[in-house]
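Heads up: the protein sequence lines correspond to chains F and A, in order.
Heads up, the final residue of the first sequence is numbered 310 in this note's numbering, and it's a clean run with no missing numbers.
Heads up, the final residue of the second sequence is numbered 276 in this note's numbering, and it's a clean run with no missing numbers.
Derived from the structure by calculation, the hints contain no laboratory data.
This structure is a prediction, so every number in the text was calculated from the model and none was measured.
Think of the CB as a built atom: it goes at the ideal place given N, C-alpha and C, for glycine as much as any other residue.
You may find that some hints are simply not true.
Incomplete in silico selection of chain A near chain F, CB under 8 Å [to be verified]:
1. Thr13
2. Thr33
3. Arg97
4. Val105
5. Gly231
6. Ala247
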Amino acid sequence: MAELTKAPEKTSMKTKSAKWKRSRRESSLWWMYLPSVLIVVLFIVYPFLDGIRISFTNWNGFSQTYDYIGLDQYKRMFADPDTWLVVKNTLLYGIGSTILQNIAGLGYALLLNHNLKVRSFTRTIIYLPVIISPLIMGYIWYFFFAFQGGALNDIFLLFGKEPINALGNPAVNPYIIVFVNTFQFVGIAMIIYLAGLQSISKDYYEAANIDGATGWQKFKNITIPLLMPSITINMVLNIIGGLKLFDVIVALTNGGPGNASQSMSTFMYNLYFSRQDAGYAATQGVLMAIIILVISMAALVYFKRKEVEA
Amino acid sequence: MDQLSKQAKWLLTGLALLITLFHLVPFYILITTSLKKVGDFTSKWAFPTSFNTENFTLAWEQANLGNAFINTAIITIFAAVLLIFFGSMAAYALARRTTKLNKYVYMLFVGVMVIPPLTALVPLYRLVVDIGLMNTHLVAILNNVAAFMPLTIFLYAGFIRSTIPKELEEAAKIDGASTLGVFFRVVFPLLKPITATVLIISSVYIWNDYQFAIFFLQDSSVQTLTVALAGFFGQNSSQLNLVAAAALMASLPMVIVFLFLQRFFIEGLAAGSVKG
Chain F
1 MAELTKAPEK
11 TSMKTKSAKW
21 KRSRRESSLW
31 WMYLPSVLIV
41 VLFIVYPFLD
51 GIRISFTNWN
61 GFSQTYDYIG
71 LDQYKRMFAD
81 PDTWLVVKNT
91 LLYGIGSTIL
101 QNIAGLGYAL
111 LLNHNLKVRS
121 FTRTIIYLPV
131 IISPLIMGYI
141 WYFFFAFQGG
151 ALNDIFLLFG
161 KEPINALGNP
171 AVNPYIIVFV
181 NTFQFVGIAM
191 IIYLAGLQSI
201 SKDYYEAANI
211 DGATGWQKFK
221 NITIPLLMPS
231 ITINMVLNII
241 GGLKLFDVIV
251 ALTNGGPGNA
261 SQSMSTFMYN
271 LYFSRQDAGY
281 AATQGVLMAI
291 IILVISMAAL
301 VYFKRKEVEA
Chain A
1 MDQLSKQAKW
11 LLTGLALLIT
21 LFHLVPFYIL
31 ITTSLKKVGD
41 FTSKWAFPTS
51 FNTENFTLAW
61 EQANLGNAFI
71 NTAIITIFAA
81 VLLIFFGSMA
91 AYALARRTTK
101 LNKYVYMLFV
111 GVMVIPPLTA
121 LVPLYRLVVD
131 IGLMNTHLVA
141 ILNNVAAFMP
151 LTIFLYAGFI
161 RSTIPKELEE
171 AAKIDGASTL
181 GVFFRVVFPL
191 LKPITATVLI
201 ISSVYIWNDY
211 QFAIFFLQDS
221 SVQTLTVALA
231 GFFGQNSSQL
241 NLVAAAALMA
251 SLPMVIVFLF
261 LQRFFIEGLA
271 AGSVKG
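For reference, chain A alone in the conformation it holds in the complex:
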């Protein structure tokens, strides 16, 4: 595949750059819009002549982004930790003990994966109101844990079956360790690669979640970034410069994490797709 002529290589490089440029367009527009003062009607394609940070401070305060950042971080961190803790444990039992009961339970998790979560919206909303969890971090955490649990178990179980040797656990058992002890001291450390994949996939989705957050986190004190941003857009749809500044700030943390940990994001997906 690499015996390209010099001209062909230049041509393909040019094509790749053109595609890159095309994919950068919306981000370029986002940046120019966010930097221009409200009421500046020059073309969105023209780079602003003066930098002003006013939009950012104004949007930060008005959209209550500081608060939204904290809420989003709390929900994402707790949900990811619970997912990894309970998900890996469940997958271990289901992968190692193939009793009849466990086969049914595993089938339940796989079956749940095909239920589109939003179709359960109406009764779920009622349930959340009934148990008094409306507008709490807890409901968002539990909801996200439930939504990603089947995939988490599926990924962990596949990894345990294919890569963790049983002999290790048996040796530890002979030494008198309890099941839980064996799991957390011997098995869990070996699950690192798949834990990284689960952590990345679930964190990105939970951090970006809008369709559940909008139902259950309407009070401004518990709003996540997406909910705060949607509300802010509703109030300022004629002041796009402010909305752009807010959108830029809201997406920056994930972009930074991605740029630093890119390898894990892309390798995890690639490995998962080849195996799956």
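Just chain F, with the same shape it has in the complex:
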């Protein structure tokens, strides 16, 4: 008995020292990733950290000198009503697009999972906007929604109604932005859901049929739980994409009227380039990084946990 209990210890000691020897003999091959590390540090890590430093200054973006003013920019940010408007819009873009993209994407995937003749054609057309620049996609929808000469108002005119200025109306235009972003990227959600659906074994459905399960029961108890990994990927991808929205807003409303449809990205851009308020722009950048980090991590953890349960 004594020998038996000793034996594993011995081997573990052996493997440990073998491991140690191997890791000494084995070089890290650091020169193979050095160029990649350098470029990522120079263009992402360093600017990100430097941004935190600048958020404590009153730098205007071009002067050689500036002062450290402590937490003043942060106090200003929390007192600024625009901050909350912009945060609210950013959350609307992030959460709104995520909900719409997932509902539509899953619906399309369920439809195209059937063996229809038009399947690949429909899939191509739905996916097409993904490869077009979001800026151009924004302009394309601008031709639809434009106050003067837009396709939507052509319909209104046809029925003798007054044309509407949808893009200039702050009560409506954030929703148009959500819609256009959804339209553009729903193809990605659809493809990920289709791949997920095709990886579910048909046996589950056959077994459920024998038990006399209804379509809804099969959807709720088989499809959704087994689709959880795809749901996680889509949720996280879409929310990060939506929170960072920039191009579509520039094309459709340019953040207006006033700041009504501004997202954190476009707001920051304006602070820096139009208002020469670099210190404050950096402060807004810190807030944006925190919001995106917290929300995407929360989404990841939440849906990963659901995956385990399922």
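Starting from the known structure of chain F, arrange chain A on it as the hints suggest.
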């Protein structure tokens, strides 16, 4: 899933066609708008009665699209090649040598993925001005390489760990090949499927990039398609026909590539999502 009745199949086909039609609407509007003469105020839904190419030639010249095409192509090609070259090499070392240092470096790359690039805008802009790279192709190339490097390494490392047998490399090593030789002659050719995915994802995004190009490529000589188009829209917001013609021309190359290589676009994404 395929035991649908005939009626159900017709119904679903009809539904699919309706959805397709809905997704074609903005493209239809784009085409009719681009074909109508400036000052033609007929409904956007009506197909133009006469074709004119005037909008296209005018937009091409005024928006300087020829130049923008070349700039965009240079930036996309160089950035994609650098990404694949340095990214695959880095991933190989990180996937094959699990030293402590390499674990930290890998964590750095994964951690960087969650930093929203735009939040570093202010200092990045200053940095680019300081090192004198403003309005150069190089800054756009390096920026895009940095932005996509973490994802590239993540994809390559996962692929190397799961599909490339170590024995192959060891055999080549015994034959006296150098590490670099083993990588480029033995490992890299086996990475083709994931290289195709990296190439497609990064090229589409870099080709379409606007939010970085607008900051660093403001001079008209280095403008990319998106920057040129945004400027053109600013000057012609009342002449939508011209803007539509420019938008159509700017998106056509990617659309053509997509229609021919669709399989790779969609399969790469599907495979990546099932594995990831």
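- Message: For each hint given before, does the structure comply? Return the numbers of the non-compliant ones in rising order.
- Response: 5
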